[in-house]
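Q: In the order they appear, the protein sequences are chains A and B. So for the first sequence, this note's numbering puts the first residue at 1; every next one is plus one. So for the second sequence, this note's numbering puts the first residue at 1001; every next one is plus one.
For the record, the hints were derived by calculation from the structure and aren't laboratory data. Incorrect hints may appear among the rest.
Pulled a few chain A residues facing chain B out of the computed Cβ check, cut under 7 Å [as the list claims (entries may be wrong)]: (1) 104; (2) 105; (3) 107; (4) 108; (5) 304; (6) 316; (7) 324.
We put the CB at the ideal spot given by N, CA and C, even for glycine.
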Amino acid sequence: MTDIAQPKRTKKDFASDQEVRWCPGCGDYAILNAVQKYLADAGKDPAKTVFVSGIGCSSRFPYYMNTYGFHTIHGRAPAVATGVKVANPDLDVWIVTGDGDSLSIGGNHLAHILRRNLDVNILMFNNEIYGLTKGQYSPTSPVGTKKKSTPMGSIDRPFEPAQFALGSQATFVARTIDQDIQHMTKTLAAADAHRGTSFIEILQNCVIFNKDFYAANVERKVRADRTIDLVPGEPMIYGKERDKGLRFNGFEIERCAADEADVWRADTKSTAPAVILAGMRDDPEMPVPVGLFRSVEAPNYEIGVNAQVDDAVAVKGAGALEDLVYAGETWTVE
Amino acid sequence: MTTTSAQDPQPGELPLQQLDRVVIRFAGDSGDGMQVTGNQFTRTSALFGNDLATLPDFPAEIRAPAGTRPGVSGFQLQFSSEDIHTPGDAPDVLVAMNPAALMVNIGTLKPGGVIVVNTGAFRETDLKKAKCDTNPLEDGTLEGYRVIEVDINARVNEALAESPLSNKDRQRCKNFYTLGLMYWVYSRPLEPTLAWLEEKFAKKPELVEANQLALKAGYNAGDIRELFQGQYEVPKAKLAPGTYRNIMGNEALAIGLVAGARLANLKPVFCSYPITPASGVLEALAAYKNHGIVTIQSEDEIAAICSAIGASFSGALGMTGTSGPGMALKGEAMGLAISTELPLVIVDVQRAGPSTGMPTKVEQSDLLSSIYGRNGDAPMPVIAISKPSDAFDMAIEACRIAVQYMTPVILLSDNFIANGAEPWPLPDLDAMEPFEVEFTTEKSDDFLSFGRNENLARPWVKPGTPGMEFRIGGLEKAPTSNISYDPDNHQAMTDLRHAKVRKVADSIPTPEVEGPESGELLVVGWGSTVGILKQACDRVRAGGKDVSRLHLTHVWPLPHGLDEIFSKFDRILVPEMNVEQMTVLLRGELPEHTYVSYNKVTGQPFLVAEVAERIEATLAETKKA
Ligand code: SF4
Chain A
1 MTDIAQPKRT KKDFASDQEV RWCPGCGDYA ILNAVQKYLA DAGKDPAKTV
51 FVSGIGCSSR FPYYMNTYGF HTIHGRAPAV ATGVKVANPD LDVWIVTGDG
101 DSLSIGGNHL AHILRRNLDV NILMFNNEIY GLTKGQYSPT SPVGTKKKST
151 PMGSIDRPFE PAQFALGSQA TFVARTIDQD IQHMTKTLAA ADAHRGTSFI
201 EILQNCVIFN KDFYAANVER KVRADRTIDL VPGEPMIYGK ERDKGLRFNG
251 FEIERCAADE ADVWRADTKS TAPAVILAGM RDDPEMPVPV GLFRSVEAPN
301 YEIGVNAQVD DAVAVKGAGA LEDLVYAGET WTVE
Chain B
1001 MTTTSAQDPQ PGELPLQQLD RVVIRFAGDS GDGMQVTGNQ FTRTSALFGN
1051 DLATLPDFPA EIRAPAGTRP GVSGFQLQFS SEDIHTPGDA PDVLVAMNPA
1101 ALMVNIGTLK PGGVIVVNTG AFRETDLKKA KCDTNPLEDG TLEGYRVIEV
1151 DINARVNEAL AESPLSNKDR QRCKNFYTLG LMYWVYSRPL EPTLAWLEEK
1201 FAKKPELVEA NQLALKAGYN AGDIRELFQG QYEVPKAKLA PGTYRNIMGN
1251 EALAIGLVAG ARLANLKPVF CSYPITPASG VLEALAAYKN HGIVTIQSED
1301 EIAAICSAIG ASFSGALGMT GTSGPGMALK GEAMGLAIST ELPLVIVDVQ
1351 RAGPSTGMPT KVEQSDLLSS IYGRNGDAPM PVIAISKPSD AFDMAIEACR
1401 IAVQYMTPVI LLSDNFIANG AEPWPLPDLD AMEPFEVEFT TEKSDDFLSF
1451 GRNENLARPW VKPGTPGMEF RIGGLEKAPT SNISYDPDNH QAMTDLRHAK
1501 VRKVADSIPT PEVEGPESGE LLVVGWGSTV GILKQACDRV RAGGKDVSRL
1551 HLTHVWPLPH GLDEIFSKFD RILVPEMNVE QMTVLLRGEL PEHTYVSYNK
1601 VTGQPFLVAE VAERIEATLA ETKKA
C-alpha cells in the first residue's frame, strides 16, 4: 500500500466501527467530528497516527478513531505517549485528556511533557467537572462550586490551564471551543504544524453536570461578546460589532475601544503577556480568551534522546555485545 | 589484648604464611573512601586470580556527621584460593579508621581476629563524636583481639611532607595508605591500583602522585615497621577454566538487558526514576548508548513504567527499574501492561521495607507483592537473580519470557546482589540462543488482536503497520480488542491471563537437588541467599549429616516437578530475608508438604554459621517428630 495509490481520505476513514457512547448533546461529539475531519483533510495516514488517552469521558476518544489507539490509566497519557514517541519518532501522536485527568491526577506528567517538548499534540477537554464519576468539582472548577462532594461549595482556587502550561515552558498553548468547528480546525492545524508539544484546551460542554459556565460564556448567542480570539499579528478586538478591544497597561490588561487595541504576539521572549491574558478568566468583566497564547520553538526531547544514541554510535562505533561483556580487566584460567 | 605498635617492633624474620581464605572489613567514616579502598582490594585480588565475594555496607545518608556511628561506611570482602559463595560471616581482619568505625563493627569480628586501628583518630573529640565515654583502645573493649596500632594520620603527613597538597587534602589519602598496608600483609601487587590512580586522576597529577605515595608508604610500612607478625599469601583459586572479569550485580544486570533486547532484535528503551539501590542500573545503561539503548530519566516512578509501556506499544522493548517503594507506585501501570498484554521488563532491586525502610540494606520482602500485589486478578511472571554474575543470564531470561509470552515480567534483585561483586565466568556469546520477535503485519481471516498462539500469547502489531489499526487499553476487552463488559468474556479473559502466565513454567527447567534426592530435610532458597545456603549445607554435610538443597530462580510460576521432589523429604526448611513469604507461597501451591520457615530481617544477609545451626536444629527436631 503506497500513498500514491491511496484515494483521498474522508472523515469516515478515521472513524472506527465502535458505537460512540457519550451523553446525547455532549460537546465531545463535536470535537470528535472536527478531529476526524481535520485528519482526513490534512491527508494523514491512520496507520501512522496514534491517539493516547488517560481516563475520563474524553479519554474514550481513541476507541472511536480508526487509528492506533491506547486508552491508558488515569493521568498517565503523557508518560505513555512519551514512550510511544521516543520509541518511534515517525508516529504522529495525539493525546486526549480532560481537566481532572491532566491537571489533578496527571498534573506532574503534563508539566514534564510540556517541559520536554515532545512533538505531540495534547487535546485537553475542559468541562470544569468530573463527568465520568458523576459530577464532582474538578481542579478547574471555580471557587464555590457546589456538587455532591462539595455541598458547601469548593474552597480551592482553580488552575488556569493555559497558565499551568505556560509555567511549564510549553512552546504552544491555545484554547478553542467544542462547537466552533472553524476555530477548532484552525487551531488543530496550527498545533499540528508546530514542532513540539502543542497544548490545546478545548472548552467543552458537559451538558449533564456543568452547562452553566458554558451557557454564560461560550454558547453561540453570547460567544462574540464574551470571548476574544487571540490571533498573532492582529489587534485584540472582540464583540459582535468588533468594537471592543484590549490593551496592556503596565503589568495589567484593560478594555479599550477597538482602534486602541494592542496587536497580539504569541512569540514574545517572556511568557508574561500570555500569562496575563490567560488570567482574564478570573474577571467576569473581561472576555474569555481563546486562540493562540503562545507559539515558540524549542528542541524536541524525542529527537534529542535518539540523537544521543546516534552520537554515541558515531563516536564509539556501534557497540557489539562482546565489547560490553568482555570489557574492563579480564583474566583467563587455563 | 596484644598490641603491636610502631614503637614496639617485633624482632626476627618475617615469615610468609599461606591461607585458604581471608575476610577483611574496611570501616571508616563515609568520607574516608572505604568503598574505594574495598573496591581496589577486590579488583587487585580478582586480577591476581582469587575467588571472591563482597558486601558493601554504607549509610543511607550521603554525608552523615563526620566521626559519628551513623556515618560509618563499611566494605567487607572474602578472597580465597577456593570456590566461595559469600563475603564471609565474620571478618578475620577489621580495619577501623576511627572510634565510630571500631565500635560499630567490633561485634562482627572473629574472636581472636586482627584489628588495624588508626590511632590518629582517637583524640578526645573523636571519642566524643563516636559516643565513647572511655577510650576503647584502653578500656578493655579490645580484649581477645590482636590489635595493630598505626597513627595513619601522622604517617600520611610524613609520607606527603613534600606534596603541594593542603593538609586537608593530604589526609584524604589515608585510605590509600591503609590499602597499601593491607596489600603488604596479603602480598598483593600494587600495580593495578597505581595504574587505576593514574587513570582516575588523569587531570590532577598532584592527586595521582600523593595517593600513589601514600599507597607505597603504607606498603613499605608493613615491611619496615614490622607491625605484623608476617605476611600472608592467598594463592590463586582453582576456578573453572575460562575468561573472567570482576562484576557487580547492577552492572551485570544492565549488560544482560542490552543482550536480551539484542536477542529479541528489539530497540531497548529503559525508563527509570532515581532510587537507591536501583539507580546503578540506569546509570550503567546510560553509558551504553552506543549499543542502541535509549534511556529516559522520568519525572517519577509511574511515568517511568508508563513510558516503558508506551515504548513497547510502539514495538520497542520497554524496561523499567526501581526498588520497593517504586514498585508500589508502579502497581497500577503493571496492571495496564498485564491487561494490554505488552512485553515489559520490571527490575526490582529489593531493599529493606516497609515504606522507605532501610534503603541501603538488604531484604527479600517484595516477593509476594511482586506476585500478587496489584488490583484485580493480575498475574505476572516473577524471576529472581541469585548472585552478581547471574544477573546477566536472568536479565536475558526476563526479556525472553516478556516477548515470548507478551507479558510484563518482574526481575527481582536485591541490595546484596546489586552492589556485591564476584568473578564472572564470561559466557560464550555465540552460543546464546536468539528469540527474535516477529511482528504481525498482515491480517489473516481469523485475525484477532487478542488471538492466541501456542504460548497463549497474543500477536504483536506495532503502530505504523498499514491496515492493522487497533485500540487497546485497560478496560476489559473482547478478543477483537474492543471494550467488553460481557460476563462470560471477563471470565474467559481472566482465565486466559492466568493460564498464559502458568504456561511459562513449560519453558523453564526443573531445579536440581544438591545432595541426596530424598531424606529428612530439604533446604529451599531463592535469590541472593544461594551462596550462604550452599555453604551452610556443605558445612552440615561435612559434619556427617545429610541435608539436601534446592534453589529457585523462577519464583512465579514455580517450575514443574517440585511436588515430586518435595514429596521425598520429611520437611522443607525455607530460609529467607522476609517474614515467611516463600513459605506462604509454597504452602498455597504445594500444600502437601511440611514447611519450616526461617526468617531474618535485620537488613544484613544470613550468616553461614547461623543457617548451619538452624539446619542442625531442624534435623534434630525432624528426628523427634
Ligand atoms: S458526563 Fe458530561 S462530559 Fe461526560 S459524556 Fe456526559 S456530557 Fe459528556
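Q: If you take the shortest Cβ to Cβ gap from residue 108/A to chain B, is it below 7 Å?
A: Holds, because the Cβ-Cβ distance from residue 108/A to chain B comes to roughly 6 Å (cut-off 7 Å).
Q: Is the hint on residue 324/A kept, meaning its closest Cβ partner in chain B is under 7 Å away?
A: For residue 324/A, the interface hint holds, since the closest Cβ of chain B sits about 5 Å away, which is under 7 Å.
Q: Is the interface hint for residue 107/A satisfied, with its Cβ closer than 7 Å to some Cβ of chain B?
A: Nearest chain B Cβ about 11 Å off; hint violated.
Q: Closer than 7 Å between Cβ atoms is the bar; does residue 304/A clear it against chain B? Give me holds or violated.
A: violated, 11 Å
Q: Should the hint that residue 105/A touches chain B count as held when the rule is a Cβ pair under 7 Å?
A: violated, 10 Å
Q: Verify the interface restraint on residue 104/A: the C-beta must sit less than 7 Å from at least one C-beta of chain B.
A: At 14 Å from the nearest chain B Cβ, residue 104/A fails the 7 Å test, so the hint is violated.
Q: Given residue 316/A as an interface hint, is the shortest Cβ-Cβ distance to chain B below 7 Å?
A: holds, 4 Å
The structure fails to meet hints 1, 2, 3 and 5 from the earlier list, while all remaining hints are met.
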